[in-house]
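> Listed here are the chains, written in short residue letters.
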Amino acid sequence: MATEARRVVELGYGGNERLMLNMGPQHPSAHGVFRAILTLEGETVVGVDAVIGYLHRCHEKLGETLTYVQYPTIASKTDYVAAMTSELAYVMAVERVGKIEVPRRAQYLRVLAAELQRIASHCLWLGTWCLDMGGALGGGATVFLYCMRERESILDLFEALTGARLLYGFHQVGGTRYDLPAGWAAQCRRTVDTIWSRVDEYEAMLEGNPVFLVRTQGVGVISPELAQEVGVSGPLIRGSGIAYDVRRHEPYAAYPELTFEVPVETGGDCYARYRVRLREMRESITIVRQVLDGLPEGPISSRPGVKSVGQVRIPKGEGYARVEGPRGEVGCYLVSDGSPKPYRMKWRGASFSNLAVLPHILPGHKVADVVAILGSVDPVFGEVDR
Amino acid sequence: MSVPPLAWETVEAFILLNAVILMVTYVTLLERKFAARLQSRIGPYYVGRPHGWLQPIADALKLLLKEDVVPATADRAVYNLAPLVFLLPCLLIFATIPFAPGLGLADLNIGVLFFLAVSALEIVGLFMAGWGSNNKYALLSAMRAVNQIISYDLPFIFSALVPVVLAGSMQLSAIVAAQQGPFGWFVFYPGLGQLAFVAYLVATLAAENRVPFDILEAESELVAGFRVEYSGMKFALIQLGEYAHILATSFLGALLFLGGWLGPGPTWLGPLWFLLKAMLVFLLVTWVRWSFVRIRVDQILAISWKLLLPATVALLLVAGLVVAARGGAGGA
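Same order as they appear, the protein sequences are chains B and S. Here numbering that gives the first Met the number 0 is used: the first residue of the first sequence is 0, the next is one more, and so on. Here numbering that gives the first Met the number 0 is used: the first residue of the second sequence is 0, the next is one more, and so on.
Only chain B is shown next, with the shape it has when bound in the complex (with noise of 0.2 Å):
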């Protein structure tokens, strides 16, 4: 299928009636610094056009200029919203490029925090897109506030494990950081167990709405083969009936020793994401009960802990490590040249391809429809822009 970069539906009013609207980069539902162009013939869209950038740190560049024991701590910034995932992917791809073991203990804990941010992440996800769609003097801000108090908990629980509640530092090369603190494993039973409860209590306030259904049903439908042309993934891809999980089709740590499902949905439109990401939530839950259950015990590390900067040194040579963010895949490509620095650092962003779908998408729709699509597809600037 040729995809055309950019859609323009046509509603015949012709050029006079067309008003340009610019949304964003400050804009309350922008997710960020999004800005998107937007042409309106009345109240529909009849095209797009997107401007990133503005968050734009030299993230790359700067991962240059540190030693493999330093980055970890801030690969974190890419994707703050999913710390733990970003964390992962960095040094998964240092691990590959030097070969370095990673202890069976560490390889769950990974899973562990992975999982628990999954959920976090999904938390406060459907929390800001009900903003967006019902404001935040409605509905939309009774349910963030709802999914705000579980990310709290979720945050205690690392807050307990690290000594952070954004951006976390718990992975390094070689292992993890941390071992689990005592009393932090039941502490994360009983918040998974009230999670769990909690998601009901969220499908029974949305999916018997019918306010909700008319907002997001048939809303932004995404194509089998429009998600595969732009190369979305996570939740956007599973949605649109493709069952893609880097988990799955290149399983990494604990994920081969452990059972989960993988959510899809066929509908390819808002609800569907929706779906997909309740449902994962609850095979988080599981996942993270499954690793808590059989936790091996051992050390958390191949490598001693931090006594200066420069201690981690890989031969030269290139890899590429990639992790099912909740937001898809991400992954981190490295080169190395020996040196504690990587020679040439790269990331691939899920939200930055996800993003990519938008002006296939948005024609065609309403304006209100604009925010519903944008924040179903769950972008952080952080990790568009990097």
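Calculated directly from the structure, the hints in this document are not laboratory data. A portion of the hints provided could be inaccurate.
Claimed, not checked - Ranges of calculated distance between the beta carbons of each label pair, as one might list FRET restraints:
| id | chain 1 | residue 1 | chain 2 | residue 2 | range |
| --- | --- | --- | --- | --- | --- |
| 1 | S | Leu-53 | B | Ser-222 | 51 to 61 Å |
| 2 | S | Ala-301 | B | Asn-21 | 35 to 45 Å |
| 3 | S | Gly-47 | B | Gly-293 | 52 to 62 Å |
| 4 | B | Gly-52 | S | Val-197 | 48 to 58 Å |
| 5 | S | Gly-262 | B | Glu-200 | 30 to 40 Å |
| 6 | B | Ala-185 | S | Trp-52 | 36 to 46 Å |
| 7 | S | Glu-66 | B | Gly-363 | 33 to 43 Å |
| 8 | B | Tyr-79 | S | Leu-316 | 53 to 63 Å |
| 9 | S | Gly-262 | B | Ala-185 | 23 to 33 Å |
| 10 | B | Trp-183 | S | Pro-49 | 30 to 40 Å |
| 11 | B | Ser-222 | S | Leu-16 | 55 to 65 Å |
| 12 | S | Tyr-25 | B | Val-213 | 34 to 44 Å |
Unchecked claim - No farther apart than 25 Å at their CA atoms in a straight line, the calculated lysine to aspartate or glutamate pairs in the DMTMM-like style are these:
| id | chain 1 | residue 1 | chain 2 | residue 2 |
| --- | --- | --- | --- | --- |
| 13 | S | Lys-135 | B | Glu-42 |
| 14 | B | Lys-365 | S | Asp-152 |
| 15 | S | Lys-32 | B | Glu-200 |
| 16 | S | Lys-305 | B | Glu-42 |
| 17 | S | Lys-32 | B | Glu-151 |
| 18 | S | Lys-135 | B | Glu-40 |
| 19 | S | Lys-135 | B | Asp-48 |
Computed from a predicted model, the values in this text were never measured in an experiment. Note that CB positions come from ideal geometry on N, CA and C, so glycine has one too.
Given the coordinates of chain B, work out where chain S should sit on it, guided by the hints.
What follows is chain S alone, placed relative to chain B:
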């Protein structure tokens, strides 16, 4: 000593106006507390401990002290006039509301008509604000406003006319008088009353621009819609107008469907009952507001023209038939 009637009425109007403004201020606190409970939080607390009794005053003071910004490209005359044009009809409708037998400014014999006609005027202020701001978001919002208000005023009027037909009068005190007796309130009228009340609630939600019908404001799409460029006291006037309108429709709902000041206990408890019932209507509307997401503009129009308007017209027809079959209007 005799007071000329005009002077006495001026004093009355002054008292009523201040009472309304005070009520509006505290209704915002009620809504915030109610929403906070829905969202498992506490709400305003620290300004006027406990439970933020001074918060509305603090908000009003803050808005008074804010800088008044007028956009350079705005149509100044229209922009400056819009908040007043919006506020006036919203306050004017209180004139016709009786708070107890004989306690009200003007218990007109066409009270309901006056209320509906004047409250429809707020659209002029909305459109002026949207147009005068010279802002694309505001313009879109003004377009939506005209669409929505025209679509929803009709079902609003038709649903409000059902009690009028049942009572056989447009005078609000007469409508209340027709609801005497146990289960005499029109909301208890079998079938007809409940449906008309629900239709009235939905139509008021739209007429008041509240979620799920707040597409004019739509802060996640149109930032703040028609009032995006307003700040300081002009913003406060628009807010005041909006809440006054909500309060007035709540009072009207209590009068038309919930028997106004009728209730157990001595007659002097009447205004209290009336206030309670109006707050009940207000909280119902607020409850809807804080549990639904916003509907899209085309869906809003579809709901109005395809469902609400035919349904309310049918209700009105049925009410007329019932009255005709009963051989005349009056108490149930």
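> Taking the hints in turn, state whether each one holds.
Hint by hint, here is what the structure shows:
In this structure the supplied range 51 to 61 Å holds for Leu-53/S paired with Ser-222/B, their Cβ-Cβ distance being about 56 Å. Take Ala-301/S and Asn-21/B: their Cβ atoms lie about 29 Å apart, and the range 35 to 45 Å is violated. At about 55 Å, the beta-carbon gap between Gly-47/S and Gly-293/B stays in the expected band of 52 to 62 Å. Taking the beta carbon of each, Gly-52/B and Val-197/S are about 50 Å apart, inside 48 to 58 Å as hinted.
One distance hint, 30 to 40 Å for the beta-carbon pair Gly-262/S and Glu-200/B, holds here, with the actual separation near 37 Å. For the pair Ala-185/B and Trp-52/S, the beta carbons lie near 42 Å from each other, so the given range of 36 to 46 Å is met. Here the CB-CB span from Glu-66/S to Gly-363/B is close to 41 Å, well matched to the stated 33 to 43 Å. Look at Tyr-79/B against Leu-316/S: about 60 Å separates their beta carbons, and that is inside 53 to 63 Å.
In this structure, Gly-262/S and Ala-185/B break the distance hint of 23 to 33 Å, their C-beta atoms being roughly 54 Å apart. Checked against the given bound of 30 to 40 Å, the beta carbons of Trp-183/B and Pro-49/S, roughly 37 Å apart, stay inside it. Between Ser-222/B and Leu-16/S the beta carbons are some 59 Å apart, a value that agrees with the proposed interval 55 to 65 Å. At about 35 Å, the beta-carbon gap between Tyr-25/S and Val-213/B stays in the expected band of 34 to 44 Å.
About 12 Å separates the Cα atoms of Lys-135/S and Glu-42/B, which keeps this hinted pair within 25 Å; it holds. Between Lys-365/B and Asp-152/S the alpha-carbon distance is near 24 Å, which keeps this suggested pair within the 25 Å criterion. For the suggested pair Lys-32/S and Glu-200/B, the alpha carbons sit about 22 Å apart, so the restraint of at most 25 Å is met. Our distance criterion of 25 Å between C-alpha atoms is met by Lys-305/S and Glu-42/B, whose separation comes to about 20 Å.
This hinted pair checks out: Lys-32/S and Glu-151/B have alpha carbons roughly 22 Å apart, not beyond 25 Å. Distance hint between Lys-135/S and Glu-40/B is fulfilled; the C-alpha atoms sit about 13 Å from each other, no more than 25 Å. Of the supplied pair hints, the one linking Lys-135/S and Asp-48/B holds, its CA atoms being roughly 17 Å apart against a limit of 25 Å.
Comparing the model with each numbered hint stated earlier shows that hints 2 and 9 do not hold.
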